[in-house]
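There are 4 protein chains.
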Amino acid sequence: MHIQVNPVGSMRLLSHLEIQLLQKQTDETLYELYKNCSLAVLNAGSNTDNAEEIFDKYSNFNIEVIKRERGIKIALSNPPEDAFVDGKIIKGIKEHLSAVLRDIIYTNFRYVNVNSPKSISPSDKNTHIVFDILRNAKAIKPETDANLITCWGGHSINPNEYKYTKQVGYELGLRKFNICTGCGPGAMKGPMKGANIGHAKQRISSGRYIGLTEPSIIAAEPPNPIVNELVIMPDIEKRLEGFVRLSHGIIIFPGGPGTAEELLYILGILLHPSNAQQKLPIILTGPKESKQYFEDIDSFIGETLGRQAQALYQIIIDDPKAVAQSLKQSLTDVMAYRCKTGDGFHFNWSLHIDDEFQQPFEPSHQNMANLAIEQALPVQTLAANLRCAFSGIVAGNVKAEGVKSIRENGPFAISGQKEIMHRVDKLLQSFVKQQRMKLPGSTYTPCYKIVGE
Amino acid sequence: MHIQVNPVGSMRLLSHLEIQLLQKQTDETLYELYKNCSLAVLNAGSNTDNAEEIFDKYSNFNIEVIKRERGIKIALSNPPEDAFVDGKIIKGIKEHLSAVLRDIIYTNFRYVNVNSPKSISPSDKNTHIVFDILRNAKAIKPETDANLITCWGGHSINPNEYKYTKQVGYELGLRKFNICTGCGPGAMKGPMKGANIGHAKQRISSGRYIGLTEPSIIAAEPPNPIVNELVIMPDIEKRLEGFVRLSHGIIIFPGGPGTAEELLYILGILLHPSNAQQKLPIILTGPKESKQYFEDIDSFIGETLGRQAQALYQIIIDDPKAVAQSLKQSLTDVMAYRCKTGDGFHFNWSLHIDDEFQQPFEPSHQNMANLAIEQALPVQTLAANLRCAFSGIVAGNVKAEGVKSIRENGPFAISGQKEIMHRVDKLLQSFVKQQRMKLPGSTYTPCYKIVGE
Amino acid sequence: MHIQVNPVGSMRLLSHLEIQLLQKQTDETLYELYKNCSLAVLNAGSNTDNAEEIFDKYSNFNIEVIKRERGIKIALSNPPEDAFVDGKIIKGIKEHLSAVLRDIIYTNFRYVNVNSPKSISPSDKNTHIVFDILRNAKAIKPETDANLITCWGGHSINPNEYKYTKQVGYELGLRKFNICTGCGPGAMKGPMKGANIGHAKQRISSGRYIGLTEPSIIAAEPPNPIVNELVIMPDIEKRLEGFVRLSHGIIIFPGGPGTAEELLYILGILLHPSNAQQKLPIILTGPKESKQYFEDIDSFIGETLGRQAQALYQIIIDDPKAVAQSLKQSLTDVMAYRCKTGDGFHFNWSLHIDDEFQQPFEPSHQNMANLAIEQALPVQTLAANLRCAFSGIVAGNVKAEGVKSIRENGPFAISGQKEIMHRVDKLLQSFVKQQRMKLPGSTYTPCYKIVGE
Amino acid sequence: MHIQVNPVGSMRLLSHLEIQLLQKQTDETLYELYKNCSLAVLNAGSNTDNAEEIFDKYSNFNIEVIKRERGIKIALSNPPEDAFVDGKIIKGIKEHLSAVLRDIIYTNFRYVNVNSPKSISPSDKNTHIVFDILRNAKAIKPETDANLITCWGGHSINPNEYKYTKQVGYELGLRKFNICTGCGPGAMKGPMKGANIGHAKQRISSGRYIGLTEPSIIAAEPPNPIVNELVIMPDIEKRLEGFVRLSHGIIIFPGGPGTAEELLYILGILLHPSNAQQKLPIILTGPKESKQYFEDIDSFIGETLGRQAQALYQIIIDDPKAVAQSLKQSLTDVMAYRCKTGDGFHFNWSLHIDDEFQQPFEPSHQNMANLAIEQALPVQTLAANLRCAFSGIVAGNVKAEGVKSIRENGPFAISGQKEIMHRVDKLLQSFVKQQRMKLPGSTYTPCYKIVGE
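Line order of the protein sequences matches chains B, P, Z and W.
Heads up: the first sequence runs through residues 1 to 453, numbered per UniProt numbering.
Heads up: the second sequence runs through residues 1 to 453, numbered per UniProt numbering.
Heads up: the third sequence runs through residues 1 to 453, numbered per UniProt numbering.
Heads up: the fourth sequence runs through residues 1 to 453, numbered per UniProt numbering.
One chain only, chain B, in its complex shape:
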């Protein structure tokens, strides 16, 4: 008799690391403990109290934790028959099986194997941390529909752009999409307000307005109270990884260096050969007045990362409905791909993220000066380094530590291949001119200077 059981409750959501730990080959002692406790709960109603006898009687019993696209399955071989009614497991016993899983994993991860097995790669561990923090915050909801759109864009945008982000949000809300942003003002608030009205009309009272932030940006871009799920990731890199693994699509509204950082991050990742088959729709969009802005961005990408990078996104000008409809359509492909690869519906495990995108970049003057920016680099490394450059500028503009460091040591010097640096300079100039660097009300003093090769 072979049977598979879906665990209930919180056990539907395990990280790959946790599953691995329960495999026989990883840790035999722990596996035996897990197997024996599982057999015990399946053996309810037994009429012996001799544990040895029980294990002997069911010596051909076996259990295995299997990874599946939507959470995990517990595979049982030759379990005691009394746990089943007409071949289906009694729900109470299914809950007990899940409790065994929960308590064994918890106790071991927390108090026994605090340092996970050595064979785990740093990248896998990092992803486990991102997953674990989001899971603890209940931001991964395996029982809900997969429909999360991340909206990136500036905290400092003009009223016209702001109104447009609300309209896009409204059309997304009408189509039952949930919204995730960096949770400050501007393009991070507009889509939530719009979606809120769309959800009200669709009678969705459980609409999600997720804000992902991190300690160094939260003060400059405080979460609007509409954000009903706020998560503070430990650093910018984990925050970015959180965005892309949680999302089923990404919208990029007009913005400044932070938005450029985000675009370079996602392009850099998707350009990695391991991600060639990934499905993740990216739409750059704004009102008709933003047309030029997106043409500039598009040229910059084309000239630095090339055509293959440009092929990863779509630009839609002044058509909120088309944006929402396009994402709705792409969602089918996204989910089909996840089914095919056995990936999670609410956390994209299969996306490969390289170390260079996971390691925290500290924007010191030294680090900024050392960034290698040249055409000769592999394209994803160039993207990673450009991402760091823009990240540093955000810090110098609005983060407390960065602002202080600039005040004390003068602007960052960023150098690199002349041609690219020229492009960077041009883009940053346009951000200054369009007041995208900081909220209006003060004159912007650049926190960087471009140093030619």
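Treat the hints as calculated values from the structure; they're not laboratory data.
Be careful, since some hints might not be right.
No copy labels: a pair is met if it fits in one copy or bridges any two.
[Said to hold, decoys possible] Result set (DSBU-like, lysine-lysine): computed pairs, CA atoms no more than 35 Å apart in a straight line:
hint, residue 1, residue 2
1, Lys88, Lys163
2, Lys449, Lys426
3, Lys166, Lys88
4, Lys91, Lys163
5, Lys67, Lys141
6, Lys279, Lys176
7, Lys35, Lys91
8, Lys279, Lys141
9, Lys418, Lys321
10, Lys176, Lys404
11, Lys176, Lys288
12, Lys35, Lys163
13, Lys340, Lys91
14, Lys91, Lys166
15, Lys328, Lys125
16, Lys176, Lys35
17, Lys449, Lys67
18, Lys88, Lys321
19, Lys321, Lys91
20, Lys91, Lys138
21, Lys404, Lys163
22, Lys163, Lys328
23, Lys57, Lys321
24, Lys24, Lys138
25, Lys24, Lys88
26, Lys73, Lys321
27, Lys449, Lys163
Given the structure of chain B, go ahead and fit chains P, Z and W onto it with the hints provided.
Frame of chain B; chains P, Z and W shown alone:
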């Protein structure tokens, strides 16, 4: 402006260790991080994006996490005014404050300060683990009424006794009590079945039937499917600590050496001078045929631990309604005491449990032989050692490792002061005679021999 | 554009009478009112406030209420486009459409057309009343699984039979069946107690224990508190109709004249040619000691109503699991039939019930004496009249009015064709002998006498 | 033994008519039926099945349905003791008591006493109908906080006014108020949109946006999809009665003749001597550009209905926060008054509404011409007649029948005392000038002419 805020959701439930970590004096860096992030979310709607300016503007802002009987409170001094409507905090912002608390604590406990601060005592750490495992299993429910009765008693009892445990459970259920047991058959199942009917009549669909077990006993005493909250504690000592910290009252039905172990455990703890003021009603009860049984137990306690130990419990024979009514009345005292001492309503933090009751006792032949059992010991130490003796006998009777060890090495030799050993022997003999050692169906071969002084 | 919409909430559940009233051909004025209000709510966001213009613009708009197996559908032709997002109706507008339906029907049924259209047959009106009272009591739950088993049987049964009814209930509960009974003690309580434990193991906290009673029997057979849905039907005939239209299967345990009445009722109905295709499993069951009892009943049915009546039920002795499994299997046929005929899943509209089974029978001495009981009658009429005879005996045994009438006027005289009367007498004698007439504790004095032809 | 029980579920909400029907003095037979069935369910666990005996045994049992501010109470004298645990009724039995109440009332109101007792006044019957329709629509929620604000105002207002209604709604939403309007565009939609954002920030997912409409206005003023509770009352007078009995406060934004009708309606009612003690705050409010508008309205009221009418409302210009805070404060008085008078928290039973405000006014040319409008009338009658005049103009402007009638027969002629008619004319002229008669986009042709005395 000074204001206190109740955090929402999972943040209502922190261990004393976690609260301590967020105090300024424990870890200043962590405290600053927590304070700044909290200020940031209170500052929603601000119209500057300069983090430094914000911290300057609210330099007299302060935040403190305060322990309270029902969870914690967050005390704010001089928070930004826009977070409030007519003096009350906007709910969305209250949620954000809770999210900050959640993410800072989680990230730090799990990935930064994995080894908790050194100043923590092993006993405090042990209690934190018990709490943490129960909390992770959602067995501590701060939003529910405090009404949990632990029922101890034999897995192997006669039909008459079994029926009686159902009647007691029924009367408890009618009075809205929830039930916690060791989750095997017999006295661990009866009260749950009875309470289930009582709950049905009172339309309580959220009745709790908690089973606390541990890996070495679960096979011999598998959880009945009525158990709707199963928790597997890592060892017998944490399981016992779980029982007593979770409960608002304890019932002891007839049983064998396991039940004696439990009685000695709770008496040993309550006899400690630090617990002199504790309120925890203990009722020994059974049908009229069990009268002699309880008289034997009572004499045994009187002759080993003395009158002060006898004063800690009440014996009620053949009156299920009186048992339930007595516990209902005691509940008022229990809760009054917790309010007065600021203790938790669903987890008894203030009960002192000595190291000798927390350290796992491994029932090897050596350890059993070495147990000091003599009148000269402090009464709680004598209780602790007697508890270990009975614990070993349970292992030798039904636990897989114990049974194997007895088969290989012969029975445990237990020695001690003659007078006491005589009492112990007499009690164990009566258990054998009454078939309380093992489920009927086999002849009982003792796993121990009493060796006089 | 043609589109069908499922109404939400309480509007999923309309009686056939109510649907009929909204058809154009039944009442054109009311239909126009309904159509215009529906168009108005579909026209949200319109930018004219001229009602005439609106009706002109959508002159080809049409609406129709269509009967479907699971509630109703609203069919729209050419509705305003703005009510839809990508071809699907906005949920808020769907709710408004349902509100129009609700308010128009309610106001008209209650305050305008209090006497329903004259073309309605008394039988249809009667069924509407049964439905309406059950719906008002929320006993018809269109969103739940179809799985209700009615259990009939005596209020006065022996402990062995009682235990058996609990076991059957347990097996039904494990298979997620809900229970409906007449809500007194004995066979009406046992299945609920058993199912309660089965439901607890399957973690069904919404288990239904429906009690259908009526004012004249409620005192003698008061509902046990486990009954969590109590409905008091106005008379015994509506109560019986309630049982059979609500159920997906019927179990008959041992009982007295009331149980015989119920068996005759359901057989009489199913014997009607219009019900030849109906699927409604009936199982007579009891412990092995009840074997003779059921053989007696079976002979009685065979000799009075014939083989075709015997073919309508199955007798299972001493096998609770087989009873539950058989019903589980039959459920598939029952639901397949309802799908095929477009019948309701939770209220069997298509079952034909003749006037002679719906008209309240008042058990006066006169009426009892006048009952025609002879082989020459159509079989369902004979069943109907026998049903009345047993109904009268129940009244004479336990109902307040009946008992008083017997005390004042002596026993009922029941006459009829000799052969049948002999069978009836024999059956009643056995009920007396087996103490099925009244609860033990008193000597039974018959409330009837059989008068030969 | 005397005890009072709160019924559960839908039985918390009975109309005064329904309660009256269950009093012994109103209908003794029905009362006996109710009493006996109630005794039966209290007698669960009885061990006799003789109904007569039961009624004899409890001959001093009594039951009474008592009106209370929050629903009703059931008062029991000398009930069977087994229905209670430690003096408190078993919840299951409480539910059964409520089921008896429900089924007896329902069956009698619907199928037996369809025409309510003759002693009932038409006004009481009318109020029962308003209550009954709202209750059926679940718009009366006894378990929720009392906090419903009705917002009246024009469907055709300027963008500035519209924005203001949103701001007021936002401040109301932040203070947890729910919103009720006539459910069209303009001032009926703005407050809901604003409150929706306020509710989101306060995490209120059960915010109520009630729209009360009636068949003749619904097409011209279709409900916005944000309305999440739509109720279609049978006529304008019941709709108005619904507004005032449901509300805990009223806001009047700028509007046209419909808004004037509403203001005259509420003032006319409150001017009745029976309502002298009533607490119902009324606030007239708009942006600073609307100052003149409200001064005009205020003069009109002063000159027609006098100072006492002016004392019934407060005018607040350009201060959304003050509006919400004032209503919050008044709420305390409103609820204190209801507690004192034993009135319902969610339906104002104690407000007296005269026949002249309840009788449907049909705006035919004849009826409009016949309206008596003169100073000599009692002030509430003058208010009633002026209300009718404005009601007729709304019909002539936008209702299908009215528009048709004007097209065929020319404008309504309205006559009355010269001085008043002059005021009316002036007010209507200003409405025309400010485009408050109809949505912009067409030239307004008046549907009335003022005919001097």
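Hints versus structure:
In the homo-oligomer, the alpha carbons of lysine 88 and lysine 163 lie at most 35 Å apart only across protomers (26 Å), although the nearest pairing inside one protomer, at 54 Å, exceeds that limit. In this homomeric assembly, lysine 449 and lysine 426 come within 35 Å of each other (Cα to Cα) only inside a single copy, at 12 Å, whereas the closest approach across copies is 69 Å. For the homomeric pair lysine 166 and lysine 88, the shortest alpha-carbon distance between copies (22 Å) is at most 35 Å, but the shortest distance inside one copy (49 Å) is not. Proximity of lysine 91 to lysine 163 under the C-alpha cut-off of 35 Å is restricted to the inter-copy arrangement: shortest distance 25 Å between copies versus 50 Å within a copy.
Both within a single protomer and between protomers do lysine 67 and lysine 141 lie at most 35 Å apart by alpha-carbon distance, with minima of 17 Å and 31 Å respectively. Taking the closest pair of Cα atoms, lysine 279 and lysine 176 come within 35 Å of each other only inside a single copy of the chain (20 Å); across copies the shortest separation is 42 Å, beyond that limit. Within a single copy, lysine 35 and lysine 91 get their C-alpha atoms as close as 19 Å, which meets the 35 Å cut-off; across copies the closest is 43 Å, which misses it. Taking the closest pair of Cα atoms, lysine 279 and lysine 141 come within 35 Å of each other only inside a single copy of the chain (21 Å); across copies the shortest separation is 42 Å, beyond that limit.
In this homomeric assembly, lysine 418 and lysine 321 never come within 35 Å of each other (Cα to Cα): the closest approach is 41 Å inside a single copy and 57 Å across copies. Proximity of lysine 176 and lysine 404 under a CA criterion of 35 Å is satisfied in neither setting, with 43 Å inside one chain copy and 42 Å between copies. Taking CA atoms no more than 35 Å apart as the test, lysine 176 paired with lysine 288 passes inside one copy only; the shortest distance there is 26 Å, against 39 Å between copies. Proximity of lysine 35 and lysine 163 under a CA criterion of 35 Å is satisfied inter-copy only: 34 Å between copies versus 57 Å inside one chain copy.
Proximity of lysine 340 and lysine 91 under a CA criterion of 35 Å is satisfied in both settings, with 30 Å inside one chain copy and 32 Å between copies. Proximity of lysine 91 and lysine 166 under a CA criterion of 35 Å is satisfied inter-copy only: 20 Å between copies versus 45 Å inside one chain copy. In the homo-oligomer, the alpha carbons of lysine 328 and lysine 125 lie at most 35 Å apart inside one protomer (33 Å), although the nearest pairing across protomers, at 49 Å, exceeds that limit. When the C-alpha separation of lysine 176 and lysine 35 is checked against a cutoff of 35 Å, the pair qualifies only between copies, where the shortest distance is 29 Å, while the shortest distance within a copy is 42 Å.
In this homomeric assembly, lysine 449 and lysine 67 never come within 35 Å of each other (Cα to Cα): the closest approach is 50 Å inside a single copy and 50 Å across copies. Taking the closest pair of Cα atoms, lysine 88 and lysine 321 come within 35 Å of each other only across two copies (15 Å); inside a single copy the shortest separation is 47 Å, beyond that limit. With identical chains, the CA atoms of lysine 321 and lysine 91 are at most 35 Å apart between copies only, with a shortest distance of 18 Å across copies and 45 Å within one. With identical chains, the CA atoms of lysine 91 and lysine 138 are at most 35 Å apart both within one copy (24 Å) and between copies (18 Å).
In this assembly of identical chains, lysine 404 and lysine 163 lie within 35 Å of each other by CA distance solely inside one copy; the values are 34 Å within and 42 Å between copies. In the homo-oligomer, the alpha carbons of lysine 163 and lysine 328 lie at most 35 Å apart both inside one protomer (22 Å) and across protomers (32 Å), since each shortest distance falls under that limit. When the C-alpha separation of lysine 57 and lysine 321 is checked against a cutoff of 35 Å, the pair qualifies only between copies, where the shortest distance is 26 Å, while the shortest distance within a copy is 64 Å. Taking identical chains as interchangeable, the C-alpha atoms of lysine 24 and lysine 138 lie at most 35 Å apart whether they share a chain (29 Å) or sit on different chains (28 Å).
Taking the closest pair of Cα atoms, lysine 24 and lysine 88 come within 35 Å of each other only inside a single copy of the chain (26 Å); across copies the shortest separation is 50 Å, beyond that limit. For the identical chains of this complex, lysine 73 and lysine 321 are inter-copy neighbours only, at 29 Å across copies versus 39 Å inside a copy, given an alpha-carbon limit of 35 Å. For the identical chains of this complex, lysine 449 and lysine 163 are intra-copy neighbours only, at 33 Å inside a copy versus 45 Å across copies, given an alpha-carbon limit of 35 Å.
Of the numbered hints listed earlier, those contradicted by the structure are 9, 10, 17.
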